[in-house]
Every structure is written in structure tokens, then in C-alpha cells.
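Chemist: The chain contents come next:
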Amino acid sequence: MLNPKLKLNPNLFSETVEKVSMREGFGEGLLKAGEENKNVVGLCADLTESTQMNLFAEKFSERFIEVGVAEQNLVTVASGMASMGKIPFCGSYAIFSPGRNWEQIRTTIAYNDRKVVIVGSHAGISVGPDGGTHQMTEDIALTRVMPNMEVFSPCDAIEAEKMTMTLAKTKKPAYLRLVREKTWVITTEETPFEINKAQIFWMPDVGLAQVGIIATGALVCRALVAAKELETEGIKTKVMNLSSIKPIDKDSILKLAKETKAIVTVEDHQIAGGMGSAVAEILAQNYPVPIEFIGIKDKFGQSGEPEELIEHYEIGKDAIKKAVKKVLKRK
Amino acid sequence: MAYLSEEKIKELEIKANTVRQSIIEMLVEAGSGHTAGSLGMADIFTLFYFHILKHDPKNPLWVERDRLVLSNGHICPVLYAAMAHSGYFPIEELKTLRKFGTRLQGHPHREYLPFIENSSGPLGEGLSQAVGMALVDRMDKKDNDRFIYCFMSDGELDEGNTWEGMMLAGKNKLGNLIAIVDRNNIQLSGNTEDIMPLEPLADKWKAFNWQVLEVPGHDFKMINEAVEEAQNSYNKPTVIIAYTIPGKGVKEFENDYKWHGKPPTKEEGEMALKELRDNRPI
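Line order of the protein sequences matches chains A and B. All you need for this note's numbering is the position in the first sequence, starting with 1, plus 11. All you need for this note's numbering is the position in the second sequence, starting with 1, plus 225.
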């Protein structure tokens with residue numbers, strides 16, 4: 012069942028579940044953050060509408076900088092602004108930022124320890140028809156290896172909005188990962204949100220779970236559907252939304268591993284270096300249990316509709332169910 | 226800006242000679258580091274730290290200070306020497322350059338030396354940070370109160386990031402931004418015009434909507450006048466292309482790209498120190 016304490020969307024498993032893009036949540040969150048704090052500034056590399064920064068740009072034009080198609084400049088200028096006390100949010104597609112400008116982020120933001128939020132939209136293969144060049148599946152790995160850098164991947168538009176507003180108040184450089192397509196609204200305004208904390212979204216009605224599914228980003232909803240179907244087959248699972256990837260909620264992950272003794276991680280990202288790797292680093296050192304990784308298996312993406320790609324690359328509901336059954340056998 | 230008297234120029238010449246001696250001592254002690262650019266920029270750093278900059282070495286994080294962004298971090302021996310001699314930290318500390326535990330990292334790092342504006346080393350990133358600072362002062366209506374300076378090398382103009390920053394500064398007419406290019410014609414593996422020609426350099430900056438001033442890089446009076454002119458520009462950022470001699474002050478090191486990235490040996494260092502002492506202005 013859905014965790015009753017979290018007041019998740021009661022309409023979640025129905026045909027009419029609302030779908031909103033995380034970018035919209037980010038755009039609303041940035042606008043509110045800008046209203047709350049005049050030091051919040053926005054920078055964008057010719058993708059103001061695509062990243063939904065237009066709400067902020069229209070309301071606070073004097074605090075918005077258009078840098079053109081120049082992602083290296085985007086983040087280095089932001090670093091300079093942060094050094095003067097501003098809280099810059101830099102928007103682009105994830106493939107370009109933190110993809111193209113990784114070293115600029117490392118040196119001028121992480122190494123300088125300047126509070127800048129790198130907002131990478133269009134992450135993952137779910138970008139769809141634009142094809143492999145635009146499907147960023149390496150960004151979690153690229154950002155989480157950087158000292159000082161924090162990494163966040165919300166599960167829906169509402170969490171994206173709350174996260175954006177919170178990131179205007181935290182101290183460290185941060186990467187915020189967003190996806191392009193509309194995703195199911197999983198949480199509600201009433202769902203409690205605490206940065207750097209993982210939450211159990213799905214749990215057995217009674218008793219202990221046999222497998223822990225740890226998911227992040229746009230695939231959290233798929234993990235939930237998989238969990239619900241598994242329940243009808245008599246397999247009890249818990250689904251954790253791990254939206255704060257760094258710093259990572261080690262205690263909650265260990266608690267889940269100790270209960271289930273088998274973990275499946277789920278992300279629209281390369282298996283190498285992604286959220287699953289971060290989970291595995293913790294488990295291997297503290298409480299080794301069998302893990303199955305759902306993610307992209309060392310391949311680039313391609314054109315197609317998101318659904319087709321999710322099936323082709325085996326990161327959807329059926330793949331998750333299969334992985335759960337496989338990890339159960341390894342216990 | 227204060228008037229630069231003949232007496233003050235004399236004083237700066239003596240100070241620059243001292244800074245150069247410190248640079249040689251630091252590099253010999255460290256056993257690695259960049260000689261040519263550090264010596265070549267000694268006069269400009271001295272002019273700034275002892276005359277032009279609005280700063281307070283005893284209160285390094287004074288909010289109203291000018292900002293000086295060093296983009297080509299590899300010439301940090303001259304930055305550290307100018308800072309030590311103007312009172313930011315003890316001159317003795319210069320000998321720790323590049324040693325384990327030092328605040329004076331091989332390339333500047335804010336975590337270790339918090340009162341520098343930026344970490345640097347990877348090239349081509351300083352100008353954009355300075356542009357960001359200048360944009361903030363414009364936004365906060367502080368662009369008449371202080372200036373944002375960026376010191377950069379000619380070699381790093383090969384980097385695309387620099388031109389992105391240039392475009393944005395031109396677009397936003399950042400009159401509070403002043404860049405100084407150390408035009409010494411060398412880079413790590415050769416002369417700039419052989420590795421990647423930059424000329425016509427002044428025309429390129431002009432085409433990006435900057436005011437361009439060109440000065441001999443070791444003439445205090447002319448550099449000072451150029452900075453004054455730059456400060457008076459209200460609707461354009463200014464670049465001062467300073468024609469410097471790499472290795473300036475030690476004949477053996479001058480105008481030879483081989484001195485870009487190596488330190489003097491102990492013997493070469495003693496020779497260089499003797500030459501600097503012999504030529505110290507009285």
C-alpha cells in the first residue's frame with residue numbers, strides 16, 4: 012500500500028492520474044524562491060522556455076541573465092555572481108550542463124565552493140525523439156564524483172518545486188536533475204518533504220518486505236506500479252524514493268537492506284556510476300546484500316517514444332518486476 | 226584614483242624589484258612552477274596592490290573592496306608575492322609555495338587561501354567569473370562604487386570560454402569591468418603566433434564591443450593612465466592589452482617560452498637574484 016503517512020496522490024494508480032512535467036514544478040519553485048529572496052538569480056543558455064525558467068525571467072527580468080548557447084559561460088558567470096552573494100540557478104539541458112561544462116563546474120563552482128544550482132533538464136532516455144545526443148544518461152555519475160557537489164533527482168513536479176525552493180536555502184553547490192516528459196504526480200502538496208532524506212512510498216499492508224526497491228526520478232512511478240503488481244503475485248516489497256542522491260540517506264538505506272536483505276535500484280541513467288552505484292557503495296561497506304541494478308547498460312540512447320525506449324532499454328515496470336524476482340532467488 | 230607622482234613611481238619600481246626577488250626565491254625553493262609570466266606581470270601586480278586597488282590587506286574580506294580575478298592561476302607566485310608584501314600574510318610564508326600543507330597551493334585554491342576571489346588554474350575561466358561579479362554590481366547599483374578587474378594571459382585566449390565571457394560583457398555594456406591581458410607572446414610550448422595566432426588581437430576585442438587600450442606592460446605611468454581611462458568608460462567594458470616581456474628583470478629568462486613552465490635551478494636563481502639586486506633602483 013502507499014505509505015499513509017506521506018499523503019501521496021490517492022489517484023496514483025488510476026487511468027486519470029495527473030501528469031505534469033518536473034520542469035513545470037521547477038519553474039514554479041524558482042518563481043517562489045525568487046519572491047522569497049531577492050538574491051535568487053536565474054541564468055539560462057537559450058532554453059528559457061524548455062527549462063521553464065520563463066516564469067522567473069518574466070517576473071524578475073532584472074535578475075535574469077541570458078548567456079546564449081554558451082554553457083561554459085553559463086556556469087562560470089554564475090560562479091562569479093555567487094561570489095558576490097547571489098544564489099544563481101543555471102538552466103540548460105543536462106547533456107550540456109553538466110555535460111559540456113563539467114570542468115568549469117568543478118573548478119569554479121565545486122572547487123571554489125560557490126553556491127550555484129545547476130539545473131539539468133531533459134535527463135535520461137525518456138527525452139525520446141531527439142535521440143541519443145540529447146539523452147543524458149551520465150549526469151548523476153558526473154556530478155556525484157565531485158567533492159562539495161550535492162545531487163538531487165525529484166520524482167515528480169511537486170517534489171521538484173519543493174526541492175527547488177529548498178535549494179535556494181542550502182549552502183552547498185547542487186545539481187538538480189529534471190526530465191522532459193510529463194510524469195505522474197506521485198506526491199501532493201501535503202506530502203512532507205525533507206532534503207537529504209529518503210522516503211518509503213510503498214510498503215506491505217502487513218509484515219516485512221522481501222525486497223527493497225530504491226528508485227529515483229521519473230522511474231519512481233514505474234517502481235510503484237511494479238510493486239503493486241508484485242503484491243498481487245504475493246511478493247512483498249518496499250519502494251524508496253531516493254531523490255537526494257548526495258548527500259545520501261545512509262541510515263534509511265541500511266534500514267531497508269536489513270529488513271529485506273535484497274535490493275533493486277531503479278534509474279533512467281547508466282548503471283555505471285549512477286544512483287545504484289551510490290547505494291551499492293554503502294551496502295558493500297556496511298551490510299552486503301544481493302543487488303540488481305535497473306538502468307542503462309553501457310549503451311547510448313536513440314530516437315523513439317519514451318515508452319518504446321523504456322521498454323527497449325529494460326528500465327520499465329516489467330524489467331523491475333523481473334529484477335525483483337531475480338534478486339529474491341539470490342537471497 | 227590617486228595621482229601617480231614621480232616619487233611614487235620610484236617607490237613602485239623598488240617594490241616590483243622586491244616582488245621579483247621573492248618570486249625567484251619561491252620558485253627555487255619549490256622546485257617547480259612558472260617563471261616567465263610571474264616575472265613579466267610583477268610590475269602590473271605591484272602597481273595594483275600598492276596603488277590602484279581599493280583593498281585592505283588587514284581586512285581581506287572587506288565588502289566594498291575592488292575584486293581582482295586572476296584567471297591564469299599558474300602565475301600565482303606573483304600574486305602571492307604581491308599579497309605578502311602588501312600585508313595579507315607574512316613574507317616568510319612565501320617559502321611554503323607548493324609544499325604539503327601550504328596555503329599557497331601550486332595553483333590558487335580558495336579553500337586554502339580564503340581571501341582570494343577565486344580558485345584558478347584551468348585556463349579561460351576567469352573572465353566569465355569577473356563578468357558575473359560585474360553583472361551583480363550592475364544589478365545592485367554598485368557599479369559606480371568599485372571595479373572588477375580580471376588579469377588574464379594571452380595564451381588562454383585560445384579557450385572558447387573566454388570569448389563567451391567577452392560576448393556577454395559586451396552585450397551588457399559592463400563599464401565596471403576591466404580586463405588586463407598579459408600580452409607576452411609566449412605560451413607553454415611556443416610563441417602564441419605559432420601555436421594559435423591571436424592577431425589582430427585588439428580588433429577582435431573591439432569587434433566584441435569592448436574598449437581596447439594598448440600599453441607597454443612595464444611603464445607604471447602609462448598603465449596607470451590606461452586604468453584611469455578604463456575606469457571612466459561607462460558603457461563599455463575595457464581591455465588593456467599590456468605588452469609585457471616574459472621573464473622581465475632577468476636577461477637570461479626574458480622572451481624565451483622555455484621559461485613559461487619551469488623554475489630556476491639553485492644556481493640560476495642565485496644568478497637571477499644577483500642581477501635583480503644589481504639593478505635595484507635607488
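Keep in mind the hints are simulated off the structure, nothing from the lab. For glycine and all other residues, C-beta sits at the position ideal for the given N, C-alpha and C. Please note that a few of the clues may not be correct.
Derived pair list, reagent style EDC-like, types lysine to aspartate or glutamate, alpha-carbon separation capped at 16 Å [said to hold, decoys possible]:
no., chain 1, residue 1, chain 2, residue 2
1, A, K193, A, E26
2, B, K398, A, E39
3, B, K476, B, E495
4, B, K491, B, E336
5, A, K257, A, E292
6, A, K182, B, E336
7, B, K487, B, E477
8, B, K396, A, E73
9, A, K70, A, E39
10, B, K398, A, E73
11, B, K461, B, D362
12, B, K366, A, E73
13, A, K49, B, E318
14, A, K239, A, E39
15, B, K396, A, E26
16, B, K499, B, E477
17, A, K180, A, E47
18, B, K396, A, E77
19, B, K446, B, E236
20, A, K49, B, D362
21, B, K491, B, E477
22, B, K367, B, E289
23, A, K308, A, E325
24, B, K367, A, E73
25, A, K333, A, E322
26, A, K257, A, E205
27, A, K16, A, D216
28, B, K366, B, D291
29, B, K429, B, E384
30, A, K183, B, D291
31, B, K233, B, D444
32, B, K398, B, D368
Which bits of chain A does chain B cover? Going by a derived footprint, with three or more residues having C-beta under 8 Å, they are [unchecked claim]:
no., region
33, 80-90
34, 105-118
35, 121-128
Chemist: None of the hints should be skipped; say for each whether it holds.
Modeler: Hints versus structure:
no.	hint	result
1	A/K193 to A/E26	15 Å, holds
2	B/K398 to A/E39	31 Å, violated
3	B/K476 to B/E495	13 Å, holds
4	B/K491 to B/E336	31 Å, violated
5	A/K257 to A/E292	12 Å, holds
6	A/K182 to B/E336	15 Å, holds
7	B/K487 to B/E477	13 Å, holds
8	B/K396 to A/E73	15 Å, holds
9	A/K70 to A/E39	12 Å, holds
10	B/K398 to A/E73	15 Å, holds
11	B/K461 to B/D362	15 Å, holds
12	B/K366 to A/E73	11 Å, holds
13	A/K49 to B/E318	41 Å, violated
14	A/K239 to A/E39	31 Å, violated
15	B/K396 to A/E26	50 Å, violated
16	B/K499 to B/E477	12 Å, holds
17	A/K180 to A/E47	10 Å, holds
18	B/K396 to A/E77	10 Å, holds
19	B/K446 to B/E236	13 Å, holds
20	A/K49 to B/D362	14 Å, holds
21	B/K491 to B/E477	14 Å, holds
22	B/K367 to B/E289	9 Å, holds
23	A/K308 to A/E325	9 Å, holds
24	B/K367 to A/E73	14 Å, holds
25	A/K333 to A/E322	13 Å, holds
26	A/K257 to A/E205	14 Å, holds
27	A/K16 to A/D216	13 Å, holds
28	B/K366 to B/D291	15 Å, holds
29	B/K429 to B/E384	14 Å, holds
30	A/K183 to B/D291	25 Å, violated
31	B/K233 to B/D444	13 Å, holds
32	B/K398 to B/D368	12 Å, holds
33	80-90	holds (count 7)
34	105-118	holds (count 3)
35	121-128	holds (count 3)
Hint compliance for this structure: hints 2, 4, 13, 14, 15, 30 are broken, all remaining hints hold.
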